[in-house]
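Chains as they are written, first to last, in this note's numbering: chain A, 1 to 472; chain B, 1 to 472.
If you're looking for bench data, these hints aren't it; they were derived computationally from the structure. The structure displayed is predicted, hence computed values, not measured ones. Heads up, a few of these hints could be off.
Identical chains blur together in the list; that is why a pair holds if it fits in one copy or across any two.
[To be verified] Result set (SDA-like, lysine to any residue): computed pairs, CA atoms no more than 25 Å apart in a straight line:
(1) 416 to 187
(2) 306 to 341
(3) 462 to 418
(4) 277 to 308
(5) 41 to 383
Number of protein chains: 2
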Amino acid sequence: MSIIKNYREIVKNSSSELNVEARKVALFLLETAISAVDPTKLLRNRVTLHKNTLKIDDLQLNLEDYRRIIVIGGGKASGAMAESLETILGHRIDAGLINIPEDSTHHLKERIIELNEAGHPIPTEQGQRGVNQMFDLLKTVDESTLIIFLLSGGGSALLPMPLQGITLDEKRMVTNLLLKCGATINEINVVRKHVSRIKGGRLAVASYPATLLCLILSDVIGDPLPTIASGPTVPDPSTYSDAIQVLRRYEIWEETPQAIRLFLEEGVKGSHEESPKPGDPRFAKVLNIVLGNNAVALEAAAKQAKEMGFNSLLLSSYVSGEARHVGTVFASIARELMVRDKPVSKPAVILAGGETTVTVTGTGRGGRNGELALNASFSLAGLEGVALASFGTDGIDGLSDSAGAIVDGLTIERAKDMGLNPLDFLRNNDSHNFFKQLKDLIYTGPTGTNVNDVLIMVGLAKSRARQRGETK
Amino acid sequence: MSIIKNYREIVKNSSSELNVEARKVALFLLETAISAVDPTKLLRNRVTLHKNTLKIDDLQLNLEDYRRIIVIGGGKASGAMAESLETILGHRIDAGLINIPEDSTHHLKERIIELNEAGHPIPTEQGQRGVNQMFDLLKTVDESTLIIFLLSGGGSALLPMPLQGITLDEKRMVTNLLLKCGATINEINVVRKHVSRIKGGRLAVASYPATLLCLILSDVIGDPLPTIASGPTVPDPSTYSDAIQVLRRYEIWEETPQAIRLFLEEGVKGSHEESPKPGDPRFAKVLNIVLGNNAVALEAAAKQAKEMGFNSLLLSSYVSGEARHVGTVFASIARELMVRDKPVSKPAVILAGGETTVTVTGTGRGGRNGELALNASFSLAGLEGVALASFGTDGIDGLSDSAGAIVDGLTIERAKDMGLNPLDFLRNNDSHNFFKQLKDLIYTGPTGTNVNDVLIMVGLAKSRARQRGETK
């Protein structure tokens, strides 16, 4: 075990041998899941170069068709993606620049692709300078250029570039107004796509007539390309007029910085270029490939479980909802597995992924995954041979410094024996401190990737010998 | 279609042919599920008499071993169970009395088993008179008597019988105190089992040395026998002292009626008989059989779906949690099915059951199932060929007069076209009025059975011909 730092401590946290075994399997598969979406490994496994042919899954690009290769991008994992890509393509890359978060660990200092430390989650001038340099690179492209754009979670903040006449501060202000007024992510994006030089397909326009290959590590459920970093490489059906309507609908038009109001109004009159619309021929030169996402992590774990002799069932990579209730629902499926050997037969691994939410009413410390696991443990109480692990693939579960937590059918009993009242911790949104005392937090540290959360449930059958013993 | 009254109206409520098809399958399987737990059919299908052998699943009773057969019981479905049992056993039954709710429809007036209309959900004197008569019948039993006890949902209120010196009013008072103070169902039952002459295994004691065959239609998730009607036929590990502790723990001891306090204190001193404990040899004469429950309904629908050519997956019969979030979770599984053909391949039916809760904050009208379906419809939006039906098997969904509702990927769009804001209805806990306007309520009327709620999701594959058409 290399990813989980406190593995030994966690697995022994049950008085039941069968539970210990289930915990081991769950934690092993957790490592499989995170490892499958490690950006370095993803590039290495999915992107190959054979002679002059660059292969990514079914896609084949003959590099002889291109005189130049430029690498740009941004995101929390994009530095590692760039490093790995440079290992594959080496000096075939002519130039490159990637915006990465400040204080990232990386090893590219002396290489071709430059790494620029930008602000996250608040966009900074340094980020904007990086994007400016990327656009300088784009000015030199022609039909024989291949642009590889590496996009990952955080890309929106790490690639800031307001349209002319708008400052970064003004852009930040309107985003804050939209976040506070309760606008949906799609509505927020309609506005963003009309004040940005990169979002809403504008990067594709700037890249034309070069070939634009976009490699994505998705941290948005379902990989909606128009949503990930506000869709720099996909068409945008919305208009300047739509953007104004959103701001008026939420009654924040008057508060919107004047430069932005003027810009949008001028846009409606046709003074500024619209974002490129569906059917725009320039998108014929764009190739979007999702290299890694929640489903990739889940499927790797499911495949591994199968190879280990488990029946495995991947329920969903689209899970959302209030964390504690999501925990109850999945625990109800675990109970069905343990009691009635459905939906599949034991030994089994049941997987799900996505991103839940926590409505905070207490003053405790915790994250989505901890709260999900804590509430699930009530529903698992009394079952033997089942373990449930819930964790963020980025290694950080909300306000916790852990990735998540692991529970079994004895968790509640063990807590009560320690004098803890699990319900009190749940009521106070204090899952972190609950699991800290139980020593059932899963510590990985930042994993360098992010494809949201993964839930792993392992159910073991009692051996025949033990069953006989029990029915005596 | 016979169970659903507005079938024709519901199925046509989609502009998509594929959705109409999915709706038809969901509603057909809804009828399969309810029909499978119809008390009359359950008795007819599971209980058979061949010459002198009464067979129930693997159990065989030679009726020549018994000189007398007495039928007693209570519950909302117990009248229909009695009617069906009398059809099977006829004049082999010597006497019988069943407590049923007031205004039940039944056809037993002229038969052997008498039906007594008792109060529900508030226990009445008439109910108590019925139980008194049952105990009079029990006074006549010996080793050669077979007592068949028919138990179904509502049995607890319909079979009231306080222990000597306690009035029905006093018993009601302590139950109300317990419900209000937030005690768990197990804690409430500890008290109930020590003030009742029938609960907590005491019926088994009163039936000894006769054989007591208990046939159960379970409306409690997971069929915990000590919980269903407070376990009249199973041992009770709790004591008079435990009952006092529960009342003290929730600080309602002082408010508890004096007769009950005295009774419990005398019980601790040994003045009253304890409820029978695990290991009590009198339970050797008891046979508990769950004839119908949520899982039976789900499995019938799953089997039917398989016969119709669907891949079917029974996820859980233990579902609980806040209805709206449960809806989101199951919709996320439906999305996985439609988009990624997992956890099983289309065409598929995914089933789950249990009982969710609604935390009411609005002033609208609705039930668990309506609210679950309403919130699920947000997560299904845009998917074609999927339908989700959620309904109470008793035909009554909370404050709605419908059994539940059905939704598909066009529900939200259709609502908006009608000028409705689905979020407003959700926020106001007003799913009934939402679905009333959409004409997507499922009307069955009272079904005469109750095994909690069932959720059916149907996902159809687009035909190859249509898929070709779309990719052109």
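Each hint, compared with the structure:
1. 416 to 187: between (47 Å within a copy, 17 Å between copies)
2. 306 to 341: Both: 17 Å inside a chain and 18 Å across chains, each within 25 Å.
3. 462 to 418: The answer is neither: 27 Å in one copy and 55 Å across copies each exceed 25 Å.
4. 277 to 308: neither (48 Å within a copy, 44 Å between copies)
5. 41 to 383: neither (37 Å within a copy, 33 Å between copies)
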